[in-house]
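Colleague: Here the protein sequences come in this chain order: B and P.
Numbering that gives the first Met the number 0 applies: residue 0 is where the first sequence begins, and numbers increase by one.
Numbering that gives the first Met the number 0 applies: residue 0 is where the second sequence begins, and numbers increase by one.
Quick caveat, the hints were computed from the structure, so don't treat them as lab data.
No experiment lies behind these values; they were computed from the predicted model shown.
Beta carbons: idealized from backbone N, C-alpha and C, even for Gly.
Don't take every hint at face value.
Stated by the list, open to error - Derived DEER-like restraints, expressed as beta-carbon distance ranges:
#1 P:His56 <-> B:His440: 30 to 38 Å
#2 P:Lys323 <-> B:Thr575: 48 to 56 Å
#3 B:Asp452 <-> P:Ser330: 43 to 51 Å
#4 B:Ser498 <-> P:Ser76: 29 to 37 Å
#5 P:Asn15 <-> B:Gln531: 57 to 65 Å
#6 P:Ser76 <-> B:Ala321: 51 to 59 Å
#7 P:Ile319 <-> B:Lys551: 47 to 55 Å
#8 B:Gly71 <-> P:Gly18: 22 to 30 Å
#9 P:Asp11 <-> B:Thr382: 44 to 52 Å
#10 B:Gln531 <-> P:Gly18: 33 to 41 Å
#11 P:Leu293 <-> B:Lys551: 28 to 36 Å
#12 P:Asn274 <-> B:Ala548: 24 to 32 Å
Spelled out from the first residue to the last, the chains are:
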Amino acid sequence: MKPTDIKDPEYFHKVVDCQYACPAHTPVPEYIRLIAQERYTEAYMVNWDSNVFPGILGRTCDRPCEPACRRGRVDEEPVAICRLKRVAADNRNKDDVKSLMPKGPFNPNGKKVALIGAGPAALTVARDLAPIGYEIHLYDEQKLGGGFMRSQIPSFRLPEEVLNDEVNYILDLGIHTQFNHYVSSLKEVLDKGYDAVFIGSGAPKGRDLNVAGREEGKANIHIGINWLSSVAFEHIDKIGKKVIVLGGGNTAMDCCRTARRLGGEEVKVCVRSPFSEMKASPWEKEDAIHEDIPILDNHVPVEFVIKDGKLAGMMFDKVHAAYDDKGKRKLVSTGEPPIFIEADDVLIAIGQENSFPWIERDLGLEFDEWGMPKVDETTFASTHPKVFFGGDAAFGPKNVITAVAHGHQGAVSIDLACQGKNLMDRLDPMVNLHSMKMGIHEWAYDSPVTIDDRFIVPLADKKKALSDRKLEVELGFDKLTGFKEAQRCLNCDVQTVFSEDKCIECDACVDICPTMCITFTENEESEEVLRQKLTVPANELTQDLYVSAELKTKRVMVKDENVCLHCGLCAERCPTSAWDMQKFLYNVTKTHTGCTA
Amino acid sequence: MTYIKPKFRHPDLQKNKLGYTIDYYEGSLSTLCAGCGHDSISGAIIRACFEANIEPHKVAKMSGIGCSSKTPAYFLSNSHGFNSVHGRMPSVATGANMANRDLIYFGVSGDGDTASIGMGQFVHVIRRNLNMVYLVMNNGCYGLTKGQDSATADCGSKNKTGNINLFEGIDLVSLGLELGAGFVAQSFSGDKGQLVPLIKAAMAHLGFALINVVSPCVTFNNNVGSTKSYDYIREHIEATSTFDFVPEMTEIKTDYSEGEIKQIAMHDGSLIQLNKLTKDWDPTNRSSAMNAMLNAKENNEFLTGLIYIDPESVETHELIQTSKTPLNQLSQSTLCPGNMALAEINADLR
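Make the full structure from the sequences, and use the hints.
Modeller: Below, the structure is given as structure tokens:
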């Protein structure tokens, strides 16, 4: 294999599994270290710069970082990254945070940008563009900003104050808000002479279930996301005692838990797929079960049962999953008689779709055969030179952190477009690599690896929580637990950097490495062969091999990045400092660095 | 502050026949200098014991004093051990071996501990053919007292302060051959591929097994001009043969060309398989082994690998016909049969 090019920022970036998996590429180990040092405000700002909504995401993020976490490959469970983010948010000094954020008024650059929808994607664009002089006009049909973060995520998971704080940080940058304003025509917006329009209108249409009885029972059948939104804006405050929630995603989990708080005593989730294949995050399923909500899997809804002109319940067909040769799933009826489940109300949470009835089709903005706009995956540009998309509106329903990532890139594109530059002219990430060595046995990071198991986030008393829709269920880590959980982080951003010209091939690193990552061996043409030649064969193909140039003995150093603990012992035992531990900071380049921290 | 070895290990570690992963054979964290060859040898011992399916409680680690003699703390934490007086490891090992012949005695010594203060003990333990592995971590200097030339430093070798050694160095391998050791090998700490099977074979050998391992002292004897530096050894290394240790009951793969290959059966049914690289050398012939050493010296080569083996060697217990049952397992009544037995013996002698 060719020697690894560690000058390519993506190589070390990939080693920081959590950051690499994060759509916004938040420098996770960097802020976790700050939390361990009780520097919560700085930890918050590292987050804010990258993901804009640390307090919100610290409670509600889909956490793609956690399944990726290296700790999960050597220990039972990954670091509780998401909940550590909340520790930073909960303990930040709000005045200091404010002083570290950009403060208006900013020198106007004469450009005006309209943002349609006030969800995470559009708010991110606003935050990135306002400080560099753009005049931002933000439109939303609701009376407050936040989009789905407000209408879909129940208050017991995300308290309103947390949401308001972080939405207001952005609105305070001098954003011209046009709330309670449903945009019914894109043409109208374009005609107002904006230099660019960013569409972050989400995926607002809840999928319906048109089976027998739907029409007759409509008074007690609700579309999940609309119902959650009505609860959030306090148009609805109760529900029947017996409730069926259809669907197996996170919206279904939010629906059933909300229903429990609005008077639902017997709330059941009915889902077509097997339990293990449900779309909901495992922890959200756990939370629902914890609130005495049974999840009935393999239940395919057949019809709404109406009695005396009123909804009485639903019939279900029991199925089991069968897989064909290609692993494609088919739900096959077990042949058992249909099951009747009583219900006063049914909530349908079986998915949501995009909907752009307000975009005229003659503006030069192309749509594909599924009614989705044609959007470039890098630039988020549509086929109309002034219109950009982001968040769920761009590629269908995802999550908050993905919307934020879209927002950053959308802002970069808008800025380039407004300057008349090529949209592909994007800047490389900001990277920094510097040694952590301070002396013998002394490193500028906590290199020892703790053996603590993942700490559990304490919950509010169940009875109290179920009686108050707004009472936050998760209490978050206290500072001490936060510190201990932070210490579980393996510091994957502190990279093992090898200089072949200094190596005397004494094997000290090979002998000390607790996870046997390092092998000195003859090189091979094929990566596959080389992987099998290592002391422990490198069978985790998603993890790279770090291969050095040829050494004096014609061998090469090969390091399997897979389960390296970043403990620094290789560097510690290296007599010539051929190994060094160097902190690698990778920051996605945005239009504005966001903070001055 | 670091220097705590993490508890986590690679999740895909293989188990040996006993069901142990290699970390079961580890010791505590080394306090030797970073890059010390001794640590590599410790690593080789760990791997050899793991691969040879040695039960750690069946091993006794014996050592004297010096950097080398600290290393038993850094491997086989689950084994017995005795860190004895400077140069006196052979007598302690002899005593232990006499009391319990069932253990594998793994002696670790250094060039000072063996060739200077312990020379008297060393030569006599070879003469007695005590059943043990005697591994010398040989770095040609007294690392623990700031790197003075030791008795094995080669004549003409330059030390870190620039002084040339004026005296002849003691060649432990030739000495071992001369004194009749039944298993003599030489290796380099930087060549685990060779060292690991040598250690396995040495443990399987019945009788005294000497392995002289050149192990560079990174701190005091790794300079240009030293004949025991990483660079010098790598430039002058010559192997007698490739070396495979084939445990008992294993099918033998013969991918070597006929004629060059030599197989030597060990007493326990295992095999040593060699592919000879040195001309006119027969590992079972002592004078040929001695010649090979002399030739290598003349040619300025550092000869490694198995140098000599006598599969028929007779160890101390056989020589002095001790009890097959280890002494420490004999009951008091067997050991002290009483007045009647004494009277019988005395009667025999009249």
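Colleague: Are the hints correct? Go through all of them and say.
Modeller: How the hints compare with the structure:
The hint said 30 to 38 Å for the Cβ distance between P:His56 and B:His440, and at roughly 33 Å that hint holds. Separation of P:Lys323 from B:Thr575 is about 53 Å and conforms to the stated range, judged on CB atoms against 48 to 56 Å. Hint check: B:Asp452 to P:Ser330, Cβ distance near 50 Å, so the stated range 43 to 51 Å holds. A hinted range of 29 to 37 Å holds for the C-beta pair B:Ser498 and P:Ser76, which are about 33 Å apart.
A hinted range of 57 to 65 Å for the beta carbons of P:Asn15 and B:Gln531 is inconsistent with their spacing of about 20 Å. Between P:Ser76 and B:Ala321 the Cβ separation comes to about 52 Å, which falls inside the hinted range of 51 to 59 Å. Judged by the Cβ atoms, the range 47 to 55 Å given for P:Ile319 and B:Lys551 holds: they are separated by roughly 50 Å. For the hinted restraint 22 to 30 Å between B:Gly71 and P:Gly18, the CB-CB distance of approximately 26 Å keeps it satisfied.
At roughly 49 Å, the beta-carbon separation of P:Asp11 and B:Thr382 lies within the given 44 to 52 Å, and the hint holds. Range check, B:Gln531 to P:Gly18: about 24 Å between beta-carbon atoms, so the 33 to 41 Å window is missed. For P:Leu293 and B:Lys551, the Cβ-Cβ distance of about 29 Å falls inside the hinted range of 28 to 36 Å, so the restraint holds. The given range of 24 to 32 Å is respected by P:Asn274 and B:Ala548, whose C-beta atoms sit roughly 31 Å from each other.
In summary, the structure is inconsistent with hints 5 and 10 from the numbered list given earlier, while agreeing with the others.
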